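> Take a look at the letters that make up each chain.
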Amino acid sequence: MPELLEIRNVSKSFPGVRALSDVSLTLHHGEILGLCGENGAGKSTLMKLLTGIYTMDEGGEILLEGAPVEVEGPREAQHLGLSIIHQEFTLVPDLSVAQNIYLGREPRAFARMAVDDRKLNARAKELLDRLEIKIDPATVVRELSVARQQMVEIAKALSFDSRVLVMDEPTATLTDSEIHTLFELVRGFVTPKTGVIYISHRMDEVKELTDRVTVLRDGEMVGTVPTAETPIRDVIAMMVGRKIDTDQRPDPGRQRGTPVLEVRGLSTAALLKDVSFELHRGEILGFAGLMGAGRTEVARALVGADRRSAGEILIDGEPTTIHNPAQAVEAGIGYLSEDRKRYGLLLDQSVSNNVVLSTLRSFVNGVGLINDAKIATTAEEQVAALRVKTPSVRQLAKNLSGGNQQKVVLAKWLTRSCDILIVDEPTRGIDVGAKQEIHDLLVHLTDEGKSIIMISSELPEVLRLSDRIAVMCEGRITGIVPNSEATQESIMELATKFRTEGMGAA
Amino acid sequence: MSIATAPTEDKAPTVARRQRFDLQKLLAFGALIVLFGFFSVSSHAFLSWNNVTGILLSASVVGVMALGATFVIATGGIDLSVGTGMTLAAVMTAVFLNPDYLGLPLVLGVVLGIAFGSLIGLVNGVNVAVLRIPPFIATLAMMMAASGLALVISDTHPIYFSDVPGFTSISLGSIIPGANLPNAVLIFFAAVAVAGVLLSKGLIGRYALSIGSNEEATQLSGVDTRRWTIAIYTLAGTFTGLSGVLIAARLNSAQPALGQGYELEAIAAVVIGGTSLSGGRASILGTMIGALLMAVLTNGLQIMAIPQEWQRVAVGVVILVAVFADNVRRRREAGH
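Top to bottom, those sequences are chains A and B.
Here the working numbering is used: the first residue of the first sequence is 1, the next is one more, and so on.
Here the working numbering is used: the first residue of the second sequence is 1001, the next is one more, and so on.
One thing to keep in mind: the hints can contain errors.
Derived DSBU-like pairs: lysine-lysine, alpha-carbon spacing no greater than 30 Å straight-line [what the hints assert, rightly or not]:
1. A:K207 / A:K134
2. A:K374 / B:K1201
3. A:K273 / A:K193
4. A:K389 / A:K374
5. A:K156 / A:K119
6. A:K193 / B:K1201
7. A:K156 / A:K125
8. B:K1201 / A:K207
9. A:K398 / B:K1201
10. A:K119 / A:K134
11. A:K125 / A:K193
12. A:K156 / A:K374
Going by beta-carbon spacing under 10 Å, a handful of chain A positions derived as facing chain B [said to hold, decoys possible]:
13. A328
14. E330
15. S337
16. N371
17. W413
18. L442
No lab work stands behind these hints, which were simulated from the structure alone.
Nothing here was measured: the structure is a model prediction, and the numbers come from that model.
Note that CB positions come from ideal geometry on N, CA and C, so glycine has one too.
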């Protein structure tokens, strides 16, 4: 019997780069195949070949049910039964959920002259109900959270009668319970006639969900292993070419200084209620909680990006006025957003311009002109210090991998010498090796006396780095626990069980 | 003209952003050279000093306007008010200088006239940055209001500068002895230099590009984007004011009915020069070339006795080709 999908000896070269060389993989019927590899390993290139966004070099072929196919574009791919959920959303923000799902194949009315909205919404509702996604199909996508947009994206992909579903980092923005729902969706999709290729950085997910794992490194196949018989550590080792420890905890004896930041009674009209906490010098304070618990909102209210309805901020014991991000920066607080492409980077500009964005004034000489040589020097220093992988500081930010982009954002705040850093999902969408580097960097920064608030949806990350962990639920802090007393279970309990006694002192 | 050999080395390519525009500039510059050559061969009248300075003179008013518009467009905004803003600034300059009105001293009147342009830009900036009115709407409103105000203030009649000695020489005089090069052209080139430095080396230029690339990220980096947006529109208004003075001096009068349509020519010059309408990418040199290209084209076609209607068609085609070439280049750059 022919395999469901076979990729044979596929290569792809770009001018000066060989992104994929001689890669082959097989997807069996009824199988979930994990595809792992660091950023730049060639996973996305492979997926783009599969959807016809790129054309492959001579010599390779793609076989579907044993028959060679030529995929000429996303639409043809869908006709062939290949559905791909990309990392970047492909939703139109101003259309409704239903309109997005059936974009380009809307049910028609009036002799096909108009869209039959009633049928459209009914069809979407049926689909969403079947997938147990609780979203009103008439909602405008813009109003949904990132996680819920992701669910819509998945629903859209599943609305095609696909034989092969490819998911590229689908859980990057989801919380544990949402991931659970997603897994149910994926497992429900798999029948003896279909299969899934699941791309992820999260090893625990790959372990839980997949039957086999294919690993790519630097555009080449490293190998394919059965998931059940292979320890996570070995898969990671295949990806990065070395072993990485995944169960670390911070040293409990780490020195903690005086409070540098005190937040008292922080509230917003929309969500936050009486959020109070202290951040000590040299500490990493983790913020855990479910999606929508208000962790990002705390950060945004703190730096003045969102309006506060109440609350006091003290820096080094002094009450400080922060009404906008400029004042926050002035007070020494740097905010690294969860969505670094949208809020953190000038993608179309050079690494050096990004690094100096918040300090540009200090590069202006006596006659008001910017000293580009000095900017380049500073940027090069930061690039070296943070080990940003870039051919030069003139490289455009959009051409860097996620981990390196994150380092550039970090470099921006370090250039500014912000003593308090708020990092929101610092390793989202970043591969294992780079993740480790970012983690090491954050710890190193606290050793140098910086204080860090780290918001993360990945509990292992929170546990691994945070000296203390503040857990939020529905806009309130439900507990602040020292790392030594924290377990995944105890944090989940605080994150889900709403407790009115409010914050606990640590 | 023997400059065709080294068109890309006109500015030291030290900044990465500069280099990326070289091809686009080269294209526009090449087109400029080709057109210039073509008209020179086709018509004897074209390649005379008088005609060339005439082209430069006609490019200078729209050119100066377009320099300011480049900054606004770099932020991802648009300024539709530069055309009638120019007219209003010209009328106000007349009000300041004409003895029948205020009769102020020449330098003061000119400075106030330019400053009035800044004021127009300031209002645009506040509307965009503080009141959060989309730039297209805010400046469309200003375009209409300025046009109306120019007519109201002048009582719909041209105001002449015949009793303001020395005023017309701002545009028509020639400060270089014997060169017969109108001052307006020198002012245009000086303005290009100032704008070029501001864009590539000034905070205002860097922040304009940053805002155009990603306004939210720029704001979260601690840049007061609101204040800088106001400053950028004000700068554009200042160039508009200057163009108002230049056109008034050239015509020896403030013509209140003039101006509509100039803004589109200015925007066209900016776009031909490779500045992206979606912001984040801009070139002053490109804008200058764009303005010259349009002036050469119009003038050449005029000399060849091509009807005016067809001249407009030609300009339209040039804009399409320029932007299309830019798209092709960028797609290639992106590696697809």
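> Taken at face value, is the distance from the CA of K1201 of chain B to the CA of K398 of chain A at most 30 Å?
holds (23 Å)
> Given the proposed pairing of K273 of chain A with K193 of chain A, does the C-alpha separation stay at or below 30 Å?
violated (50 Å)
> So if I understand the rule, the pair passes when the alpha-carbon distance is 30 Å or less; does K119 of chain A with K134 of chain A pass?
holds (19 Å)
> Does K119 of chain A sit within 30 Å of K156 of chain A, going by the straight-line distance between their CA atoms?
The given pair, whose Cα atoms are some 16 Å apart, holds under the 30 Å limit.
> Would you mind confirming whether the straight-line C-alpha gap from K193 of chain A to K1201 of chain B stays at or under 30 Å?
Roughly 61 Å between the alpha carbons, so the hint for K193 of chain A and K1201 of chain B is violated.
> Regarding the hint that S337 of chain A lies at the interface with chain B, is the smallest CB-CB distance below 10 Å?
holds (7 Å)
> For the hint on E330 of chain A, just tell me whether its beta-carbon gets within less than 10 Å of chain B.
holds (7 Å)
> Quick one, is the L442 of chain A hint okay against chain B at 10 Å, beta carbons?
With a closest approach of 19 Å, the L442 of chain A hint is violated.
> Would you check whether W413 of chain A satisfies its interface hint, that is, whether its CB is within less than 10 Å of any CB in chain B?
holds (9 Å)
> Holds or violated: the hint that N371 of chain A contacts chain B, with Cβ atoms closer than 10 Å.
holds (9 Å)
> Please work out if K156 of chain A and K374 of chain A have their alpha carbons no farther apart than 30 Å.
Distance of about 49 Å is beyond 30 Å: violated.
> Need the status of pair K1201 of chain B, K207 of chain A: alpha-carbon distance at most 30 Å?
Distance ~52 Å between K1201 of chain B and K207 of chain A Cα, so the pair is violated.
In summary, the structure is inconsistent with hints 3, 6, 8, 12 and 18 from the numbered list given earlier, while agreeing with the others.
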